[in-house]
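Which chain is which? The protein sequence lines are A and B, in order. Under my numbering, the very last position in the first sequence is 398; numbers go up by exactly one each time. Under my numbering, the very last position in the second sequence is 398; numbers go up by exactly one each time.
Just so you know, the hints here were simulated from the structure itself, not pulled from any lab data. A hint or two may mislead.
Identical copies carry no separate label here, and so any pair may be met within one copy or between two of them.
Unchecked claim - Cut-off 16 Å, straight-line C-alpha distance, at most; resulting in silico cross-link-like pairs (EDC-like, lysine to aspartate or glutamate):
hint, residue 1, residue 2
1, LYS192, GLU7
2, LYS113, GLU85
3, LYS388, GLU78
4, LYS88, GLU114
5, LYS192, GLU358
6, LYS278, ASP45
There are 2 protein chains.
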Amino acid sequence: MNKGALEGVTVLDMTRVLSGPYCGMILGDMGANVIKIEVPKTGDDSRAFPPFVGDESAYFMNLNRNKRGVTLNLKKNEAKQIFLEMVKKADVLIENFRPGTMEKLGLGWEALKEVNPSLIYGCISGFGHYGPYSSRAGYDIVGQAMSGVMSVTGWADGEPTRTGAPIADMSAGLSLATGILAALHYKEKTGKGQKVDIALVDSLVTMMTIISQIYLVGGRLPQRIGNRYESTAPYDSFPTKDGQNIVIGCANDKFWSILCKLMNREDLVNHPDMVTNKKRVENHAKIKPIVVEWTLQYNSKDLVQLLLDHEVPAAPIYDVAQVAADEHIAGAREMFVKANYPQAGELTITNSHFKMSETQPGFHFPSPNLGEHNLEVFGELLGYDEEKIKELAADSVI
Amino acid sequence: MNKGALEGVTVLDMTRVLSGPYCGMILGDMGANVIKIEVPKTGDDSRAFPPFVGDESAYFMNLNRNKRGVTLNLKKNEAKQIFLEMVKKADVLIENFRPGTMEKLGLGWEALKEVNPSLIYGCISGFGHYGPYSSRAGYDIVGQAMSGVMSVTGWADGEPTRTGAPIADMSAGLSLATGILAALHYKEKTGKGQKVDIALVDSLVTMMTIISQIYLVGGRLPQRIGNRYESTAPYDSFPTKDGQNIVIGCANDKFWSILCKLMNREDLVNHPDMVTNKKRVENHAKIKPIVVEWTLQYNSKDLVQLLLDHEVPAAPIYDVAQVAADEHIAGAREMFVKANYPQAGELTITNSHFKMSETQPGFHFPSPNLGEHNLEVFGELLGYDEEKIKELAADSVI
Chain A
1 MNKGALEGVT VLDMTRVLSG PYCGMILGDM GANVIKIEVP KTGDDSRAFP
51 PFVGDESAYF MNLNRNKRGV TLNLKKNEAK QIFLEMVKKA DVLIENFRPG
101 TMEKLGLGWE ALKEVNPSLI YGCISGFGHY GPYSSRAGYD IVGQAMSGVM
151 SVTGWADGEP TRTGAPIADM SAGLSLATGI LAALHYKEKT GKGQKVDIAL
201 VDSLVTMMTI ISQIYLVGGR LPQRIGNRYE STAPYDSFPT KDGQNIVIGC
251 ANDKFWSILC KLMNREDLVN HPDMVTNKKR VENHAKIKPI VVEWTLQYNS
301 KDLVQLLLDH EVPAAPIYDV AQVAADEHIA GAREMFVKAN YPQAGELTIT
351 NSHFKMSETQ PGFHFPSPNL GEHNLEVFGE LLGYDEEKIK ELAADSVI
Chain B
1 MNKGALEGVT VLDMTRVLSG PYCGMILGDM GANVIKIEVP KTGDDSRAFP
51 PFVGDESAYF MNLNRNKRGV TLNLKKNEAK QIFLEMVKKA DVLIENFRPG
101 TMEKLGLGWE ALKEVNPSLI YGCISGFGHY GPYSSRAGYD IVGQAMSGVM
151 SVTGWADGEP TRTGAPIADM SAGLSLATGI LAALHYKEKT GKGQKVDIAL
201 VDSLVTMMTI ISQIYLVGGR LPQRIGNRYE STAPYDSFPT KDGQNIVIGC
251 ANDKFWSILC KLMNREDLVN HPDMVTNKKR VENHAKIKPI VVEWTLQYNS
301 KDLVQLLLDH EVPAAPIYDV AQVAADEHIA GAREMFVKAN YPQAGELTIT
351 NSHFKMSETQ PGFHFPSPNL GEHNLEVFGE LLGYDEEKIK ELAADSVI
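Input sequences plus hints: build the corresponding full structure.
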């Protein structure tokens, strides 16, 4: 059985909590040899984050699958020496400390590249490793606030709104994986490593794409417009008889013409206010009540089915329980997977969304207990034996 | 000057509109040789999408920078033969047609891998290339609705809310780039190509991560909770004297203790209802009005500065104009870049958010006119001359 596209790539994962560990998880799911380095005694903060299964954090267990765990107290000189020996043997190092933390330890990129010039050093922070705000602490909500995403999410008469999923953390983690893999390609061609510096804020600025472009080109400031869209109409949520909203995405003239037929309003297909997408966007406020009057006549499930039967893009608005029970998402696409953790028994976790025909990423082995692989990993990389490990533990080095 | 980490990688980009072109843009920004293949006469639909500069779509120009453009009418046999010759010389092909479209043309993954077994075939669709919903049209709003993200975005007394940025399209595009680069590593080791299949819905299911985990572990269904957060408190938006909300991210006990001091409420640091993060999350409704009473005494700018001066994570909620004018985001991090387009003159576009020390991605050359590089690319790859190109155009093959 294939172990994954990244078999043989060694990653030192010093990350904590969410965005960094998600990057390490992607690489581990893809078969990389990911070694999670934690502070002795306490470890990754997220070991203490809910939700729990017994005493174990499912938050931590999910994001740190496919990683072996070692401990290192990097404030001790001996630990630093061990760390530098590990860096010599690694392809990639990732961290999401506040910028400057690694430098204070004497282990910044400039120092590490002297030790291993082909090392790829990946980092995630709120604002990136240079610029006037670089030393500020960055959290997901800060990324959502300063990227402009909150300013365009929500309702015209309401407040700027945070997206319920941690999209800054997750897009930064995914971005770091992308940057690292590009750097890996370059390293294989040239032998040269490099630093890949990802900011939570930058990652969401990128996701704003065409919304920012509206302002950059024409100076019009995008607003909160509820569930409708700047580019196309009717493309929005609509109420139904049973109180469950659905979404309809009439993204072109063909869909609009079918929708009009379904609504028994073929007179609207070529109505001068609605004949083109441009006109429909301009006159969205006229169109919405017409569609709502029609959608209110149906139960949500029947309405989605009717629209899909006629090839109009439509969908129910799922809650998490519906996502987890869906025959396509949870069934065919296997987006959730049961995995065995010695700490917690069988646990359902989110599976990899990369569906790859030759090297399918996924769950290989559970998250480590704190320092679980000290002997195994330090043995493998540095030739240490049990006695040496005991000594290092006694000296609080590991 | 370094041309980028992916110099020498040839990508056939058959994608349209947003998610697929964003993937091609990432690869092109990183120096890959991206050849955009469009339908003759009309081209990518997004050439007609606002915002416009004169007659040219800034939407299209931004997402299709760093790509050379050719045309091919793949309904014609001669065009299919030309396409297959190109596939033989390519490392990567990307498309975001509705699943089945390439198969109907006789150009599906199974057919193409016969022609080039080391081809990496990347595709994005609403629901992926297998499973009961695979033939449904997928749009960003459908991904947001069916992933559960809308169900947890917005206010407790309000409707499920669409995120204002196209996060399904963009996360799928970024995910496809990641999957392709992992597959490229594998291909370089083994010579084997593969199919990388990304779904808009799956991409956002992944972004739900710890929110889904709450349900998967304990059966509690995550709700819309406005701008506060499931994991930590106070971590929310707060009103100020000038009416501009700000965000504060008190993610641990240290920040809470500083915040209490700033509020002149040191009595709260060890209050039994607030002493731990767990307690603060439970009692968020008690804490919010206390913080609000304090934040309302300050103007937003002063308040953010005060909090940052004391190392409490905080940020203004920026609109797009503020993002585009910010000294860190637009200044130091160069997240917007002026680029010259022969069609439109100087245009400000969103820059690459991958900050890489050796191979910085960015704008290299402008988006192509329709078929602009027919002679150059078909000449380079297949040895065609001007006469041959004229013939193909006369026969409506290109």
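Tested hints:
no.	hint	in the structure
1	LYS192 with GLU7	between (20 Å within a copy, 14 Å between copies)
2	LYS113 with GLU85	within (13 Å within a copy, 43 Å between copies)
3	LYS388 with GLU78	within (12 Å within a copy, 69 Å between copies)
4	LYS88 with GLU114	within (10 Å within a copy, 41 Å between copies)
5	LYS192 with GLU358	between (28 Å within a copy, 8 Å between copies)
6	LYS278 with ASP45	between (50 Å within a copy, 14 Å between copies)
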